[in-house]
Amino acid sequence: MTRIAVISAGLSVPSSTRLLADRLADATVAALHEPVEVDVVELRPLAHPLADHLLTGFPSGELAEAIETVRRADALIVVTPVFSASYSGLFKTFFDVLEPDTLAGVPVLIGATAGTARHSLVLEHALRPLFTYLHATVVPTGVFAASEDFGEAGLQSRIERAAGELGALLTGAPRQRVRTVEDEFADPTPFEDLLRGA
Amino acid sequence: MQIGIFTVGDVTPDPTTGRTPTEHERIKATVEIAKKAEEVGLDVFATGEHHNPPFIASNPTATLAYIGAQTENIILSTATTLITTTDPVLIAEDYAKIQHLTDGRVDLMMGRGNTGPVYPWFGKDIREGINLAIENYALLRRLWTEDVVNWEGKFRTPLQGYTSTPRPLDGVAPFVWHGSIRSPEIAEQAAYYGDGFFHNHIFWPAGHTKQMVDLYRRRFEHYGHGPADTAIVGLGGQFFMRKNSQDAVDEFRPYFDNAPVYGHGPSLEDFTEATPLTVGSPQQVLERTLSFREYAGHYQRQLFLVDHAGLPLKTVLEQLDLLGEILPEMRKGFAEGRPAHIPDAPTHASLVAAAGGAKDTTIHAVDDVTGVSV
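Chains as they are written, first to last, in the working numbering: chain A, 9 to 206; chain B, 228 to 601.
Derived from the structure by calculation, the hints contain no laboratory data.
Note that this is a predicted model, so its numbers are computed, not measured.
Each hint can be trusted.
Computed beta-carbon distance windows for the label pairs:
1) Ala112(A) with Glu521(B): 30 to 38 Å
2) Glu500(B) with Ala112(A): 28 to 36 Å
3) Asp484(B) with Thr124(A): 39 to 47 Å
4) Pro393(B) with Gly69(A): 48 to 56 Å
5) His56(A) with Glu514(B): 26 to 34 Å
Think about it this way: if two alpha-carbon atoms lie no more than 20 Å apart in a straight line, the pair counts; the simulated SDA-like pairs of lysine to any residue are:
6) Lys351(B) with Arg383(B)
7) Lys324(B) with Tyr389(B)
8) Lys437(B) with Glu76(A)
9) Lys255(B) with Tyr293(B)
10) Lys255(B) with Pro539(B)
11) Lys470(B) with Leu517(B)
12) Lys541(B) with Thr243(B)
13) Lys255(B) with His278(B)
14) Lys437(B) with Phe66(A)
15) Lys255(B) with Glu545(B)
16) Lys324(B) with Gln297(B)
17) Lys437(B) with Gly69(A)
18) Lys437(B) with Glu73(A)
19) Lys437(B) with Gly65(A)
20) Lys586(B) with Val375(B)
21) Lys470(B) with Ile553(B)
22) Lys262(B) with Glu250(B)
23) Lys100(A) with Pro137(A)
24) Lys437(B) with Ala72(A)
25) Lys437(B) with Ile75(A)
26) Lys324(B) with Glu299(B)
27) Lys437(B) with Asp456(B)
28) Lys437(B) with Glu107(A)
29) Lys324(B) with Thr589(B)
Under 10 Å between C-beta atoms, here's a sample of chain B residues computed to sit facing chain A:
30) Ile408
31) Arg409
32) Phe430
33) Pro432
34) Gly434
35) His435
36) Tyr489
37) Gly490
38) Pro493
39) Glu500
The beta-carbon is built from N, C-alpha and C at its ideal position, and this holds for glycine as well.
With the sequences and hints as input, model every part of the structure.
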């Protein structure tokens, strides 16, 4: 059984961060073709225990369970809202209190939501370096969704691409080759397909 | 079963008055507290070691010797001796000297110290903490057990033909405990040598304590020192008591809420549930303390932190009186259900007996001024 822990740092209900997290989780389950256990960790109810942990050095009740969920997971899907051009403090605090090397070698799919598309590079500037530092294996495609993206078709394809990459990391599947212009020369896509896809 | 107190020597403002004691007051208070501990019948007084404000716990050997001169029975110990930043040559000399001065009423607890900036002041690096603890302690043992030591290591100047003086009292080194909260290497070290293992226990959930004590017991047996349940375990503990439990909660809450370690964090209620801190009646403290055995097994030493969080001396002394009142019950409770094969914590007397009696190990050498053998 593959275990995926989903960490969502959204604060409102419903939260677009959680919506994105759920879509990433669903797409990953669909990509895996095997039994998957998905455990969602919402950080909002852990805000007080996280502050306590900073001061006392140990996790209490529900936070201890959340950390254990992460420790046992084969892969993580992590999604944060963008606050002041970066991950939220709550999101960062959760990863601050993990024991060193908890995420070493763990595949992590990163996601972020924001009110404006101007924040889209937050994945590359903030989340990817954080998880690289933690020695996680960060999935090449991160998924950023601004408010306007939730109405766009492109979001679903990015979600599926990222989920497929996470699935491949988990199963050790050979790389899914993406068709290049050379492939088109060798074996052109029939025009009927182009017409259907347009 | 040894029951006692340990202090970290913090100089903390009293949050109810805003007043901070002076260093002088705090140092003198420490002596009063130790004398009170003996008066109420406790077995151990241990002091921490710190080399930075807001602590007065530098030079623990002066403190212990001074207390030793004014007490008769209480065992003097440390909580902890910084085996990382203190030269093991000085530890060997200082504690052998206190052994002689107090007729063997001394043992030590080794610890690493978690204050990063302190290490460079002593020419060390906190990132080498475990390695320092391992190498320095290995040298310390040799200094106490071998008359002439030739030694070379990574962290200090080599020694050629060195004899640590005075030699340990009666030819027996002080008993050593190793303290650590979350470093399995230190439980392993204590087990390897068959030394004692002490878990700070306060500030931490019981699960941490159990994990470390279990590891130490398992490895103690592995290294051939005896069955796991005969390993020598010590635990910390923390209480505030009044005859009426609600009075204890009301009086202690401002100290808890502003305490240096956990203050401004979890509530008193959450923290007492998660850690061994007990705030209530003497009966509640008694029951909680006796319940530590449920996860640590039968153990040998229980030390309480009593003088902390800015509590005034008068209050600390009252707490010790209350502890003294429940002490007979606590001893009785610890003795209940304790199998006969569980050993007591080693003392100087028991170590001398195990070594086949006292031996004078004075090194007689040639006086380099007169040339006379002395």
